[in-house]
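**Student:** Sequence order for the protein chains is A and B.
Quick note: the first sequence uses the working numbering, first residue 2, plus one each step.
Quick note: the second sequence uses the working numbering, first residue 73, plus one each step.
Since the hints were made in silico from the structure, they are not lab data.
Worth double-checking, as some hints may not be accurate.
Covered, in the sense of this in silico footprint (three residues per stretch, anywhere, with C-beta under 8 Å from a C-beta of chain B), are these stretches of chain A [said to hold, decoys possible]:
| id | region |
| --- | --- |
| 1 | 63-69 |
| 2 | 80-90 |
Just some of the chain B residues that point at chain A, by a computed CB distance under 10 Å [to be verified]:
| id | residue |
| --- | --- |
| 3 | P85 |
| 4 | R92 |
| 5 | E110 |
| 6 | E118 |
| 7 | I142 |
| 8 | M175 |
| 9 | L177 |
| 10 | V180 |
| 11 | F181 |
Quick partial rundown of chain A residues pointing at chain B, CB under 10 Å, derived from the structure [to be verified]:
| id | residue |
| --- | --- |
| 12 | P35 |
| 13 | S93 |
| 14 | S101 |
| 15 | V103 |
| 16 | A111 |
Heads up, the beta-carbon is just placed ideally off N, CA and C, and yes, glycines get one too.
What follows is the residue order along each chain.
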Amino acid sequence: MLEEAGKPVQIAIKRQGRTATARLAGEFDLTAAPLVREQLDGLIDAGMQRIVIDLRGVRFLDSSGLGVLLGRYRRLSERGGSIYLVTAAEGSVRTVLEMSGVRQVMPLLASESEVPRA
Amino acid sequence: MTQYFELVCPSRPENVGLCRVAVATFAANIGFTLSEIEEIKVAVSEAVSNVVVHAYPATEGLIELGCREIEAGIAITVRDEGVGIQDVALARQASFSTDPERMGLGFVFMESFSDDFHVESAPGKGTRIEMRKRREAPAEGA
Ligand SMILES: Nc1ncnc2c1ncn2[C@@H]1O[C@H](COP(=O)(O)OP(=O)(O)OP(=O)(O)O)[C@@H](O)[C@H]1O
Ligand SMILES: [Mg+2]
Chain A
2 MLEEAGKPVQ IAIKRQGRTA TARLAGEFDL TAAPLVREQL DGLIDAGMQR
52 IVIDLRGVRF LDSSGLGVLL GRYRRLSERG GSIYLVTAAE GSVRTVLEMS
102 GVRQVMPLLA SESEVPRA
Chain B
73 MTQYFELVCP SRPENVGLCR VAVATFAANI GFTLSEIEEI KVAVSEAVSN
123 VVVHAYPATE GLIELGCREI EAGIAITVRD EGVGIQDVAL ARQASFSTDP
173 ERMGLGFVFM ESFSDDFHVE SAPGKGTRIE MRKRREAPAE GA
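Based on the provided sequences and hints, a complete structural model is requested.
**Tutor:** Next comes the structure, spelled out in structure tokens:
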């Protein structure tokens, strides 16, 4: 548990046409929020229409992370695009996502292969 | 003497993780299960993030975290001497936020993930949050 302290969030981004996949790892909290926001906004500004956010490597998520996700959804949906979240079926990240109601606007998928084809 | 600790640190984002890990380690030591600890981490993160984000808008202030073992489990307090909350009942409602970029879910998570939850706050006088959580089963061999 102690080794988790202070580990910054990591983001790996892959683009294919107008679809981008952002794979996050680490703890998605207040400290991580500015970096993740900036990276995702960069994809939106670059004209990506579909952003798949893979949260399977995220060990911790709270309302600061949720706020970043919902804020990016708002920006991208204004431009007619959509966001898909990939997440494990169980665990605290899943619980927090379910409780927040974000799935009403961003589908929760079990893997990237479930993203509908463009 | 029962087990307890206090931690005082500046209201900086990186200290949210520090407080979270400190409480998680403490909870593990007194016999909480992993899934209970996951919930405790979210609750602590929300309370401490609120101090960093809301309590001291123009300056930096202190986060005062307290944690102690009680018979039933754990009692966690998070205090600040910041701006305080105008209307606590309103602030506790889901989706209420004074920041348009935020979801207004912090209090919802704190309340859902604790068995007992109190907020004391007054404008100009700061805020004190107390959360208590029971252990699922008595600690074995702890
Ligand atoms: N320690 C505090 N000091 C001053 N105001 C606070 C404090 N904690 C909460 N508040 C006020 O209560 C409101 C609700 O808090 P809550 O944590 O539920 O939502 P939020 O922080 O706005 O959004 P989120 O937690 O979803 O990021 C905040 O918008 C803020 O106005
Ligand atoms: Mg909050």
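**Student:** Does the structure break any of the earlier hints, and which numbers would those be?
**Tutor:** 2, 7 and 16
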